[in-house]
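Quick mapping for you: the protein sequence lines, in order, are chains V and Z.
Adding 428 to a residue's 1-based position in the first sequence gives its number in the numbering used here.
Adding 17 to a residue's 1-based position in the second sequence gives its number in the numbering used here.
No wet-lab data here; the hints were simulated from the structure.
It cannot be assumed that every hint is accurate.
[To be verified] Pairs of lysine-lysine residues, derived as BS3-like cross-links and limited to a Cα-Cα distance of at most 27 Å, are as follows:
1) LYS95/Z <-> LYS770/V
2) LYS767/V <-> LYS778/V
3) LYS767/V <-> LYS95/Z
4) LYS767/V <-> LYS267/Z
Here is how the chains run, residue by residue.
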Amino acid sequence: MAVAARPIPRAQQHAQEHDDPREHLMHDPKPRGEMNAMVLESMHTAGWRFYAATGVLMLLVLTCFFYAWYYMIANGLGVAGVNRPVFWGIFLVNTVFWIGISHAGTFISAILRVMKIEGRRPFTRAAELMTTFGLVQAGASIFMHMGRVWLAYWLFPFPNERGLWPNFHSPLMWDFLAINTYLLCSTMYLFLPLLPDIAMVRDHTTGWRKVPYRILSLGFRGTEGEWKNLQTAMNIFAFAIIPVMFSVHTIVSWDFAMAMRPGWSSSVFGPYFVVGALHSGMAAVAIVLFMIRSTMKHMTYFIRPEHFNLIGKLMLIVSMTWAYFYFNDYLVPWYGGDKWEKLLQEFTEKGPLWYLWYIMLIANIAVPWLILWNRKWRSTPWLLATVGVIINIGMWIERYVIIPEGLTINRMPFTWRLYVPAVEIFLTIGTISLFMLLYMLASRLIPIIPVWEVQEGQAAHMLRKVGKAQVSTVSDIE
Amino acid sequence: MSTELGLPVFTNTSEEDLGGRWGMVIDQDICTGCQACVAACAMENNIPFVGEVDAAYGRSLQWIRIERFWEGTFPEVKMTPYQPMMCQQCHRAPCEPVCPVFASVHSAAEDLNLQVYNRCVGTRYCSNNCPYQARTFNWRDYTDSSLHPELTTLHNQLNPSVTVRRRGIMEKCTFCIQRIRQSEDAAKAENRELQDGEVVPACAQACPADAIVFGRIDDPESRVSQAARSARGYHHLEELGTLPRVTYLKGETDGRRG
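Bound conformation, chain Z alone (with noise of 0.2 Å):
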């Protein structure tokens, strides 16, 4: 496979067969800046706890993130929708070809992002070029229950399906390929069809406001199809021409809230 200049492509040529092309929308407008999505994406990919410290000091390991801006003093705030921001799964994304050891590669059976941790050798070239700041690297053996004595509990509810990670190794959102791959094998088992809505990510299912939603978008019948048709929809930093998979929607302009 090759480009139109002629220029070998380094991405996955595997004769896999297509898998969806997964996407999502975030409803800014709904959200209400509750932070579940961070929790469940926590419980489900197996992020630690950095500590406080670390944490106060821009190494907390969050795939997801609530970010929120506002202007002035109090009481004249003016705020802004809260804005959760993860990877945002870019079609032509900026941290691939610049990792030394195809660490970070692209699947072309999912259109998606694949961080591969066990290549990975840290050299942090790839959270540099990423616009959306969404990579976590892990700085110290979170794992290690004698860094935090405390958080050592709860080295009892890692998930079975995703790996662990150790020190020096680059992570972040995989829109929760694990959740994607068993729905998969399970509609295979039973020779149908996947369903629309069967998928859903971690954020989406603790999301209290149902502001995030996920699915197939390359099918245009799918709810994360029309979301993102919204008038409302938007794509963070699109002017750099990354196309992200992650549609934002923001403007109150159909009357939702408010």
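Next up, chain V with everything else stripped away, as it sits in the complex (with noise of 0.2 Å):
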């Protein structure tokens, strides 16, 4: 059988062959020396933008985070806006929120990690520190929520003369003990892979500031016996950290699935929880890479559109993956027609609120389905992280309508009522502002780039040319 030979048209090449492999970070090396230099540049520099910024920053923190919180104790939580059937407010959905964005910083480090995701190397430092400083917000809500927060020592099982300890059937309790586990793992986590990072800055730092790197570089020099130790530990946190992390949202969940109420007693909300989390975090990765590639010194080199294509596949997956979960969870209280979780959903849709269920659906579905399908759309940074804000948005909102929608609506039609923050919206304004502070504050002191792994990638990618294609290789070193 003859076979007629025709040229391969010009049209059906293949899309990468128009790509500049250069225009990758792994095959755009740059010595050691150089890359060392302009990491630590973009930490030494600040100009003014960056003093006003945190003095404005510091400034909200003080005001709306500790005065506002300060306020609030001294005066009992009647000036926040709870009350007998929504017990439960804003704080409680900022505990869920923060809890959600700090989900990214170990979904990005710790799962593209084990599965070697090689787009992952320039940002995971800057996921992980999400990961803590949103953990610290977390708890701070937790915190300003209680009633008596000066004893809130007794939620720590420790030998006391009155022989009490926790009540651990209490969901609060599992909460308690997972968000602490997860905040210690996560520090941990975060500082392994500084490890070689903080050793690098110590060697180029001279006078008083030498002193807090030496310390914390843990006398790290870079031998073999080192590097393979840390590897080591290093594989062994970022296997363990995973179930700490699904864990943790499916018990912050659970405070909600346990009880006995229409609307949260759901089985399906451990497993929708952990994915609305990592909807908000991987959108706050995306507008914090946003932030550092547009502010601080030789950022666009490390964080390219590369990186944001990547987490915008991310994100319109972890999106498509929440709207399945939501209609798990939509549906079947729906159908089965419970009289309580029917006035619940009518509550929701027709009652005062019900422009924030379809702001969350817009957000949450609608907007990211629309705009990342494109990868050009979802390759720009400015757009990327614009959709990131809408969805966190969508997803506070989500919170928000589990939360205080859902204690509106209880089995004593008689208590009904509606809830109108207050205190909450300043102490909200306190830990966003404090958590940007942490972050900026951060950005100064530690390589925001965790630049030891951004050359061992560099080190390991080749391109080999196939036939006429480049190809790229990566040496498998992990």
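Hints given; two lone chains; assemble the complex.
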């Protein structure tokens, strides 16, 4: 049989043939010393804009976080908007929201590290920092919520003369222990890959500034044995922190799912909350990367459209998963037709706050689905960051719909009352400001880019020619 | 002590004598909705006035409230009987397992739900999990005389047998446990058994229609047990399996009204 040889039309060429491989960070290597100098310079550079922003944030933290909290402690929770049916208000919304933000760090860092997704390399640290700083806000929000926060230490299982222990039957107790575990694990997991970079900074610092880096680097010199131990420890932590991450948000969801309430008592809440956490977390990573790229020096070299493309793809997948779980959580009570569930669904969709429900669906499903399918759009940093902001607003509203709105409708219709937030609004601004402030300070104190990881990746990558195509190869050295 | 599943039980297991199993019957058919029980409860249990603004916002601290529901607009209004609602002293109380610090506990002796004020840290999980919404929270220091100066004189009539609560803690109906204890002590001092009708909580004492009956439900001959066996009797949200101790009577089947 004769085969008619036809030339391949130009239009059918593969997309990557047009790409210049040097657009990718891994194929655009720089000498070690130069890259170290770039990261160090990004840490040293702090213009008037940095100081102005830090000053404003400090002012906001002092007023909206510390003073507002002091005011609430001094006067009781009456200055907040919580009332009889809505015993849990925006404080718990913020707690769930910040734990959600904190999930992205572990997801990006641990899961992508374990799966050896090479695109993760320049922004693992930026994501890990979000975990630790997000958990600080979540913990603060829980303590703000307590009626007598000065007795919060009673939640710790410590031996005391009264012979009293905390109640391990309470989901709040599980929550408390889970968040503590996650905070400890994620801080250690942040610290381990930071060690070589701290040592790098130590070697390039003089004077009194050298002292903290010398202490924090734990005498790391970069010998083969040290690297081997570090890799082993990071590997153990990367695997171990994944189940911790999943359990934390599942346990947070149990605070609601274990309660005997219409709208809350749902067996799908565990995975639904985990996916919701990833949804807001991935979106927050996009925002943070955009901020780092556009405000810090040399960051356009490290954080490139390809990384926004990767995060955009993950955001789209997570958005679809979230929609799937939301549909499950919605359909089953709707089909079941329980009286109270039905009343609650009618309240969220047609009640006085009906618009929140629609904003939630548009921001969490419509916006990401309509924008993120396009590679060019999701590779555009400012557009992806805007989508990230919209998704975060949508996910915050989702928690608002679940917690205060879910509490408005209960089995005693006589007590139904609307919830009007008061001091909570300031404290929400306060937690956001504190998060941003911590992040800005950290960006000047520690290398926000894991330099050694980027260098390792660049050393492992090479281009080979297969026929006329250039193929990117990576040697598996982990 | 453990359940048949071998799980530890987080209840009071001290070797006390079993006290009375206390219960209540509320006859909605003869309740006039006069709110005397609400006032008496506030007097007896040092429940502060929260002021108009907070009360309208759903922060009144009433341990007992009169619920009324109606359908339609005047003059075609269809009303249901008044429904006094308070802590149902559930045998299997949803509020108890969720408290992280054991502030909401079950008394093995009386089978009542106790709220330990000085243990409460104010997470408010118990009130979220209470299907009867019977728990109230001290949103402010309502006993602070600077909050409502016009009500300061009311602080002179506080009941010395009941704790005055501060801000940030949960509270709820106790079945007037201070009165139960006083009557028990009196009977013990006179070396006799407690008589039926000797313990009267403030709401029952104040009820002009005698719609609230209180007593021991482990004694089949007591007035409350007899009333609870009425064909009109029902429990609120029985389907949740909380086993409440308050029986409501409704239905006018024995012709006591109209």
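Outcome of the hint check:
no.: 1; hint: LYS95/Z <-> LYS770/V; verdict: holds (24 Å)
no.: 2; hint: LYS767/V <-> LYS778/V; verdict: holds (16 Å)
no.: 3; hint: LYS767/V <-> LYS95/Z; verdict: holds (21 Å)
no.: 4; hint: LYS767/V <-> LYS267/Z; verdict: holds (22 Å)
When the structure is compared with the earlier hints, no violation turns up for any of them.
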